[in-house]
Amino acid sequence: MIKKLINRLLGKSASDNKHPFGKRAEIGPQAHGINPKLVDERALNVVRTLKQAGFEAYIVGGAVRDLMLGLAPKDFDVATNATPEQVKGLFRRAFIIGRRFRIVHVVYGRGREHEVIEVSTFRAYLDNVAAEQVAGNEKTSKSELAGMTHAVDSTGRVLRDNVWGPQEEDAVRRDFTINAMYYDPETQIVVDYHHGIKDSKNRVIRMIGDPVARYREDPVRIIRAIRFAAKLNGLGFKLEPKTASPLVKSKTLLAEVPQSRLFDEMLKLLQTGHALASIEQLKALGMAHGIYPLLDVVVERGESPFVKSALQDTDRRVGEGKPVAPSFLLACVLWADVRDGWAARIRNQQHSHPALQDAIEDVFSARIGDVSGRGKLAGDMREIWLMQPRFEKRVGSAPFGLVEQPRFRAAFDFMRLRAEIGELDMVLSDWWEAFSTANDDLRNDMVDEVKLEQQQQRAKTARAPRAPRVHSVPGRANPDAALPTAAAPARSDLPPDAVAGDGSEAPKKRRRRRRPSGRGAGDAPAQEPQA
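Numbers 0 to 530, taken from numbering that gives the first Met the number 0, label the letters of the sequence shown in order.
The hints are simulated quantities; they were obtained by calculation from the structure and are not laboratory data.
The reader is advised that the hints may include incorrect statements.
Claimed, not checked - As a list, the in silico BS3-like pairs of lysine-lysine whose alpha-carbon atoms are at most 25 Å apart:
#1 K450 - K392
#2 K250 - K237
#3 K73 - K321
Computed from a predicted model, the values in this text were never measured in an experiment.
Put together the whole structure using the sequences plus the hints.
Structure, rendered in structure tokens:
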């Protein structure tokens, strides 16, 4: 009754309130063409474990889309009718995360080789009109949201979404049709409610339901739409006009999204192997500015040689299946700020190392803020920047200590990009590349060779001819009087030019070291200067 009354007040009819859940369609392997060998063994294990425990379980979302396109998915997600607590109880290393949207991370492996299978419970479709409402946002209404399972703020943005339901309702809750398909790897059946297979074949990215309302429910879908358009553009996918047209107007909704969530979505745009394509999509859709301040900087500097090289390098590594770190890419994006601030402080007579440290702190305050918690990401960026001057030191124990640093490789890659754009000499980059892969004996030889080169360079500089210096004797007006005369013979214990014309001693001059006889002009000195 209350719901009907609210609908009447809002001018909604009963037919408006009905939401099409779609018709369940089951598609076999001959029609969808998924190669089961592309399914990750750990995702398959999660599905089997859940099914053996009596639950429904499917691989879901972008992994199904990629499998249908013949691509090897980067991540595998699983959807089930088991609650988060029930899922957690079935796996030894499983963790419930999130408040707004509770899910389970099932972890396999350790260290850098670990993999996470994300398991979500089927969500019920609930009209936001019937949801519990709060006046503030996630930060200002934490205590109020604590006991709620389905809550929205005054704009209609969903703040809590933890009401479980059947699969057909879960499907309509997903954003795009091509991400709302469910694949059972044991039966090899794809379950499709919203013509996702058809849209995949037609290369269309279409929002389920009304795009304006869906963007309002979760503004992060705006960024997801851009990311999928960039990722799939090379395969011919385009955003459906009705899905694309509200993007610019809906951009203001992002102001209410927590900064940490926007930061994570920005990293997904830049680290899924389509960073350059994402920047082009942002420009093409009129979204180059206003999504997130740091993303604005990336777009502005995306055409500069250094940042473009870093973006290309990131895309290449993802394409080769190599790990990428957000710290490296962000360090490249913000290097111009650090470098210029560093140089300005040195011009103001500040010592190099504290000048670099102060420049880094200023950049963190201006560009990053506290969104990353000033934790590992900030620490890694700081190390990459602070290591750059150390690459100039290639004698003594310095290179041996530098190459053993945990972040050496990232710092070296950073330095290599600087050399490629002409900011440093490529000889330096090549030397460190060879040094990092050499054995101890060869490293010692390389350091000795650099030391010898530096000694020879200093000796060459010392031997370089200088312009003749003109010495004047204070208080003497006639320069000819400086020459000795016959009436005043030179003293035997002084050089001839040390006796004045009047017989008095001229000011003593430092004697120049003479060359040994028999040496030509181009011979090396008898003793090399100390390093």
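*Is K450 close enough to K392, meaning Cα to Cα at most 25 Å?*
holds, 10 Å
*Given the hinted pair K73 and K321, is their alpha-carbon gap at most 25 Å?*
holds, 11 Å
*For the pair supplied as a hint, K250 and K237, is the alpha-carbon distance within the 25 Å limit?*
Between K250 and K237 the Cα gap is close to 20 Å, so the pair holds against 25 Å.
Hint violations for this structure: none, all hints satisfied.
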